[in-house]
Amino acid sequence: MKYTEEHEWLRVEGDLVVVGITAHASEQLGDVVFVELPETGLEVTKDEEVCVIESVKAASDILAPIDGEIVEVNEPLVDEPGRVNDDPMEGAWFFKIKPSDLSQMDDYMDENAYKEFIG
Amino acid sequence: MGDLKRTPLYDLHVELGAKMVGFAGYDMPVQYPLGVMKEHLHCRGAAGLFDVSHMGQVALRAESYEAVAKAFEALVPQDVIGLGAGRQRYGFFTNEAGGIEDDLMFANRGDHLFVVVNAACKEADIARMIAALSPDVTVEEITDRALVALQGPAAETALARLNPAVVEMAFMDFTEVELDGVACWVSRSGYTGEDGYEISIPETDAVGICRKLLAMEEVEGIGLGARDSLRLEGGLCLYGNDIDSQTSPIEAALTWAIQKVRRADGDRAGGFPGADRIFGDLAEGVARKRVGLSPTGRAPMRAGTPLFAAAEGGEPIGEVTSGGFGPTFEGPVAMGYVGTAQAVVGTEIFGEVRGKRMPVNVAKMPLVPANFKR
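Residue numbers (our numbering), protein chains in the order written: chain A, 1 to 119; chain B, 1 to 374.
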């Protein structure tokens with residue numbers, strides 16, 4: 001598991017990378033009430049805004065953490081955005097990327113570094 | 001942030017685990033561990049306790065209520081003289097341009113007038129009252145009392161445990177009630193669209209009374225986050241967002257709050273700042289109006305979202321002034337200003353969210369029906 005400074009987590013699953021937001025981020029956001037997912041097949045580049053989530057407080061962008069193609073999205077989140085609060089680290093993943101350069105993962109923090117980052 | 005003021009309930013908020021934020025110069029609870037969504041639903045389902053001590057409590061005195069009421073009518077377009085003893089009314093200060101300087105609640109306390117104003121405006125409001133009314137009227141800011149709101153369908157049951165007399169109070173009644181042996185000023189009112197009470201408590205007794213209420217099964221502490229979504233569903237204006245010094249009360253759909261006796265053909269017509277503009281708006285109509293907005297999709301439309309008549313092209317016809325997610329409505333809710341042509345319930349217009357125009361229907365306010373005890 002890797003973590004970004006934007007509070008996203010990345011988990012390698014076969015030849016894909018699964019992306020979600022951390023428990024810390026979901027706690028800070030408060031109750032999530034809206035999730036807009038990207039289209040599958042979308043080619044994305046690192047740091048590009050690919051989806052939007054809104055909590056009772058505000059809207060936040062979810063960035064593509066690495067280059068690649070969006071091959072799967074977690075469609076049930078659209079109808080049940082609250083899952084982002086209930087199960088941020090597992091069930092409420094946002095999308096799966098087929099990476100074009102897996103070495104981009106190396107730039108990100110491991111769990112200990114992230115824990116330190118959020119203090 | 002070191003300059004933030006604290007209400008008498010600050011330590012209690014911290015003890016309850018509230019997340020504190022700066023609001024109108026005060027360090028206030030934006031949410032408790034329950035979270036905005038559950039706090040909102042709890043308030044509509046049972047009862048919620050809000051700290052609103054940041055708001056200004058002001059006593060105005062002259063030789064009689066009638067004298068102070070007559071003077072106060074020079075600042076507001078409401079019927080103050082005709083308000084019965086032990087009754088409260090919603091009102092607003094207007095300016096020479098007919099805009100709204102602040103909205104407020106005022107009560108006839110028998111021998112004086114009691115006014116509650118918004119925290120962000122209270123210094124200006126007090127200065128305005130002193131400038132316009134003294135020396136005939138004394139304007140005293142009450143700084144040694146907390147103000148809390150107990151709101152929701154179980155508010156009556158909860159507060160009645162401290163004094164059963166509150167059951168007899170009707171909507172907008174205002175009276176002194178002994179709660180737990182302490183003389184409190186209680187009105188049957190609030191700003192959530194629910195039945196409930198606002199309670200002014202001597203600061204030294206505030207924590208004790210709040211602890212008693214919070215210990216009751218029906219009652220949870222509610223922060224500013226849920227206060228905002230509750231009042232938004234209730235169609236109630238937030239000063240600074242939905243009404244301001246540029247908005248006339250007629251544009252703001254607050255005509256109902258200007259009693260007939262103060263209107264152009266009333267016995268005490270005019271005599272408040274901006275009467276010409278306000279009477280003009282009443283007679284000739286206005287170009288824009290505040291309306292409720294119900295987005296068709298799931299995306300919230302926040303304050304500042306531009307509104308358009310069509311899905312493509314054209315200039316904006318207005319703007320969202322408050323918007324978010326309505327937990328009881330179970331979807332996005334908003335209010336804003338649109339051209340009078342579009343200000344008809346059921347009209348489909350479009351809000352531009354992240355560059356995309358999304359459909360939104362002009363809706364009847366309040367979006368969630370009020371539940372007052374009439």
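These are computed hints drawn from the structure, not numbers from a lab.
One or more hints might be untrue.
Claimed, not checked - Some but not every residue of chain B turned toward chain A, in silico, with C-beta under 7 Å:
1) L34
2) A299
3) P300
4) G304
5) F325
Keep in mind the model is a prediction, meaning the values are calculated, not measured.
Heads up, the beta-carbon is just placed ideally off N, CA and C, and yes, glycines get one too.
Outcome of the hint check:
The restraint placing B/L34 at the interface with chain A is violated, with a minimum CB-CB distance near 10 Å, outside the 7 Å limit. At about 5 Å, the closest approach between the beta carbon of B/A299 and any beta carbon in chain A falls short of 7 Å, and the interface hint on this residue holds. The restraint placing B/P300 at the interface with chain A holds, with a minimum CB-CB distance near 5 Å, inside the 7 Å limit. Hint status for B/G304 relative to chain A: violated, with the closest Cβ pair at about 12 Å, above 7 Å.
Checking B/F325 against chain A: minimum C-beta separation of about 4 Å stays under 7 Å; hint holds.
Checked against the numbered hints given earlier, this structure breaks hints 1 and 4; the rest are met.
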